[in-house]
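K.L.:
From these two lone chains plus the hints, build me the complex, please.
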Amino acid sequence: MSAVATSRYVAEYGALAPTLPGQSLPWLQQLRRDALTKFSANGFPSPREEEWRYTNVSAIEKRLFTPALKQSSGQVDADWLKAQQLDDAWSVVLVNGHFSTEYSQLDSLPDGVTVISMADALVETQDFATLLETHLGHAVNNAEHNLVAFNTAWFSDGVFVHVPAKQVLTKPIQLLHIVTEADAMATTRNVIMVDELAEAQVIETFVGLDNAYLTAAVTEVFVGQNAHLTLTKMQIESEKAYHFGGTYAKQSKDARFTHHNFAFGGLLARCDIHTDLDQASECELNGLYLGVKRQHIDNHTRINHLKPHAISREMYKGVLDDRAKGVFQGRVIVAEDAQKTDSQMNNRNLLLSDDAEADTKPQLEIYADDVKCGHGVTVGQLDEKSIFYLQSRSVDEETARNMLTFAFANEMVDKIKIKSLHDKVLEQVLARFPQEGVEKDWL
Amino acid sequence: MLSIKDLTVNVGDKQILKGINLEIKAGEIHAIMGPNGSGKSTLSHVLSGKAGYDVTGGSVMYQGKNLLDMMPEIRAREGVFLAFQYPVEIPGVSNIYLLKAALNAIRKYHGLSEVDAMDFLTLVKHKVKLLEMDEKFLYRAVNEGFSGGEKKRNEILQMAILEPKLCILDETDSGLDIDALKVVAEGVNSLRSNDRAFVMITHYQRLLDYIKPDFVHVLAHGQIVKSGGAELALELEEKGYSWVENQVVA
Ligand SMILES: Nc1ncnc2c1ncn2[C@@H]1O[C@H](COP(=O)(O)OP(=O)(O)OP(=O)(O)O)[C@@H](O)[C@H]1O
Ligand SMILES: [Mg+2]
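Chain order of the listed sequences is F and B.
Going by our numbering, the first sequence opens with residue 1, and the numbers climb by one from there.
Going by our numbering, the second sequence opens with residue 1001, and the numbers climb by one from there.
Chain B extracted, bound-state conformation (with noise of 0.2 Å):
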């Protein structure tokens, strides 16, 4: 679904990301871990298409298609997700509008008609049940004034209603309480799919537990230092970022 090669990124004269390389197939779920400043972020905003990355070389391919080439809504539309670190707070537009908006232009890009008023509100508001929301948060405006948590279970929410192909969750449970992790946990994974991959940033084990993924990678100083099974996050738990760090190849 997703091939990385060789991928590095500037910002300015800075290069963040020195070389990636990931392959990540339909159904799988990944797990990217890394000390602060390693480039997880970086990446994944790279995937998605922000601006102000310069790509310097190397390639990313999405379902045989140049990723790197599409504009971000185009990427979102073909199926990219990014649950952002920091979500953005958007005053004045709410978030059942925004839902509406996104709904329609993924399903106007794949030919289907608009979706039908009584189906969308009977879609959102299963899917705001499912993550445990309170539905007055619909209508409000987009991240404004939203708790730390409820922004990322916000995020879960837009993933759950849009259903993307590659979900790229940035931190997502940073700043959860622990029931929250388990709901949004739950929400991952009914979800999950032979169709669909996750990339699960993450610094903590404890989202692992609920959500168990198929590889960790180790992203320190803008490489991959590390690749492993579930395991390997048990062990960066215990031992640290320096055990794997003084691996970079040198």
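Pulled out of the complex, with its shape left as it was, chain F reads as follows (with noise of 0.2 Å):
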């Protein structure tokens, strides 16, 4: 215990403190030194804990990685940006941590519709400050974990996005978060606002350049009554970054949220993505992990239903090669005022070698009588059936299993509507595993 106590981000945190936003506001502050508080009694989550208990991230601990520096931005290549880039959205680019004005691409967002940097929104100034004052670390607190507290302290930058009332948006936000920097850490908060009636798709990208770095971000959402957020989490991290994501979602009455969570990258990655869920709300997640040569994949996933009549459904799939491990931990919670409350949890996982290894764990805590709850969970190999099947149509052995082994994964990419948003996502699944006899022009 002792030697966490001591955690060695804890003594680099006084010279970082006076340069991390939000200094002139004493609720936010407060907010800061208790997560600091909590932070340095404990470190980093310990696999003793519960649901840490399958990803040990010691390594970051070990590693100790630096806050870069604002001015450390600095180049990006071109050619490599425009690669991340969504054709035909509002594009938000964070690099190291700090959102980039030169490389963001906000033109004619429509009247009344805020994406601007955390930082600038976190300025007495500002009347965003009295919006956040009441969001930020209302969706989750600093009590969740010890890496929410440590993005809590830590925070320096992020995007503070909002869409008023009755405010549909015709072309989907990308927050392009990028770390270019060897040992960096970009440690980012983001608070995503749908009021009302509106309707909005945002899209998290999380990508670098092949260096070892951590990302740590926390993302609350906040979709108001009769609102639809479409949030879909793009993690394709350098193969050698340690990567945590949370995102927490507050949904009112009659709102709609839909989350795609695409975990393909990262040497170890965790990303944990809660909702609460109001009366006749719904919500719909959907997650798809790959996971090759030594990478350790963990998502661990929240619906609670505290009011009656909400609707939840969930699908996660899981695709390991090699010595890869993926861990799938996913509760849902229904409160004793939670009636008719209509859930349904599903995991699959798809092992493709003898040393991969898929965890998982569905759990339902269920309070309320009148309900209809379901889960079930999966894990196995390809059906020797179908590729007998499959040659006997012709089609040889490694083809079959190839089609087969993409026919899984795609299921969940076929679920994006957007475009151009899809064609990046197949093309990330095509690059992870063999591809012959997948041709992606018949699909």
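If you are wondering where the hints come from, they were derived from the structure by calculation, not from laboratory data.
One-sided excerpt, in silico: chain F residues whose CB lies under 7 Å from chain B:
{"id": "1", "residue": "385"}
{"id": "2", "residue": "386"}
{"id": "3", "residue": "388"}
{"id": "4", "residue": "389"}
{"id": "5", "residue": "391"}
{"id": "6", "residue": "392"}
{"id": "7", "residue": "393"}
{"id": "8", "residue": "394"}
{"id": "9", "residue": "395"}
{"id": "10", "residue": "396"}
{"id": "11", "residue": "403"}
{"id": "12", "residue": "407"}
{"id": "13", "residue": "410"}
{"id": "14", "residue": "411"}
When the alpha-carbon atoms are kept at most 30 Å apart in a straight line, the in silico DSBU-like pairs for lysine-lysine are as follows:
{"id": "15", "chain 1": "F", "residue 1": "385", "chain 2": "B", "residue 2": "1136"}
{"id": "16", "chain 1": "F", "residue 1": "361", "chain 2": "F", "residue 2": "340"}
{"id": "17", "chain 1": "B", "residue 1": "1125", "chain 2": "F", "residue 2": "417"}
Ranges of calculated distance between the beta carbons of each label pair, as one might list FRET restraints:
{"id": "18", "chain 1": "F", "residue 1": "107", "chain 2": "B", "residue 2": "1147", "range": "52 to 62 Å"}
{"id": "19", "chain 1": "F", "residue 1": "415", "chain 2": "B", "residue 2": "1228", "range": "51 to 61 Å"}
{"id": "20", "chain 1": "B", "residue 1": "1065", "chain 2": "F", "residue 2": "293", "range": "36 to 46 Å"}
{"id": "21", "chain 1": "B", "residue 1": "1191", "chain 2": "F", "residue 2": "78", "range": "54 to 64 Å"}
{"id": "22", "chain 1": "B", "residue 1": "1026", "chain 2": "F", "residue 2": "419", "range": "46 to 56 Å"}
Nothing here was measured: the structure is a model prediction, and the numbers come from that model.
C-beta atoms are modelled at their ideal positions from N, C-alpha and C, and glycine is treated no differently.
P.N.:
See below:
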């Protein structure tokens, strides 16, 4: 215990603190102090904690990643950047944890829609600061676990997105988080608010150059009454990177929240997706994790049915090859008051090698008596019957295996409605597994 | 075209096929009938190369080559096609994708170029019409959620498009309603030619009313216990299998 109590990150914090945004906001200073106190006591989460049983993040403590300075945002290769950006979308670019005005492209945002740097929003003179006081730290708090606390104390910037009531955005907004420096850490806090009857599609992309680095991002989401937010996370970090990303949502009455989680990158990646459902709200959580080599990919979801008549649908699929390990922990909690809850959670894992591993743990905690809740998990290999069937139709075995693997993953890719995003995700899937026999053009 | 000699096959320690002899020439139609569990599907699986069967004796020559030496996909490319008794559902792979992959694999094997996209579509749509199927089936995942009859019809659609040389139909008629049976039979009949042979495994005369076999064989307890012409099927329908089963070579 005492070893972590002296986290090397804490030792560095004193010098960093005055450079962090929100200096003039007492509420934020208090929030950061609480977070620091909490983090100082125990350091990064330990496998002794139930929620971290399968994922050991001690390497983050050992490696000591360094916060990148704003100036280091420096030069990003233009072609590389372009390849990461979606066509036909508003684009925010964060470089090494800092909002880059230079690379962001926010022309012709409709009136009333806000997409700005979190550091800029957290200035006393901004109206946004007042809004953030009641939102930042309200979809998740420091008690969640110490990576959230770490993020709260350390975040250097982020994005604040606000879509006002009744506004229906015609184009998606992409938040592109890139890390270009070795041994850097990018710690961002993002808040997305979609007010009553509004509709928006937001994409969070996490990508970096071929270095070891740390991403520790927290995104808080507020979906207003009858509003609809589709949030897609595309985690394609470098294969040496450490990634923590938490998405914590609060849905008002009749709100819809659709989340797609593509967890493809990172040496060690942990993702939390939580949502609180108010009356008659709906959430759809889709996930696809692909692990190769020695990747460790952990996804935790929590769906809180707090009020009656809400609907949740969850489908997470994993494909694990080589020595990769996938973790899925999915909790559905139905409060006493949440009668007529309709919930279905599924996790399916495909193991492509004998050394790959999938740990899956669905948990239903039901305190109401009139509910419809189901869950199912599978861990298995490709179906030999299907392989033979394809062979009997002239397809060779290797091609058959590739076709079936791809088909398994593609079900999740096909759920994306935005064409340019769909194609980008598809490209990433194809890049990770043998494509011999998978003819993209025939799809 | 196909010559099966003294074929014996085990599953695990259990002998299922106990010395099958069968000669099939191009242009012929053979019907195989026989009681449940007698080994009909086992024979069709062994011919198409399914794993899990242990050939303990005998030989199978197909167009002068040792069929048992070939990988399943090579057999298929050489023209062997099995319409399964229980077609497999393949979520995520559309019918049209599989058809294209299959057709191109066959063409490549025979030194031909990939099929032209337009020609392919024309061909497929023509065959879909022939089998009175909805074009929507092409874009659905292979057999996923298909009714029993739709699956069988889909097998024949594949056969019609891939144009194999040796067509083995394992109880394709089971589960088909009367209209569907007619359509499927017409599909099969349209493929009849001098260089193509059919093996039809069935329990019912009604299929043979539409597709008249040249030979009928009765498979019982892993052996062909009786062979005859089309009239044998009628006799079987009347007298049941026990009539021939009792004639098993002592
Ligand atoms: N994998 C297996 N393991 C054990 N026994 C098997 C296996 N496959 C087939 N058998 C057995 O072999 C015998 C023949 O089965 P087969 O499926 O070939 O019969 P069939 O003639 O096609 O019957 P049906 O008319 O019911 O379709 C049966 O007794 C069956 O139980
Ligand atoms: Mg059978």
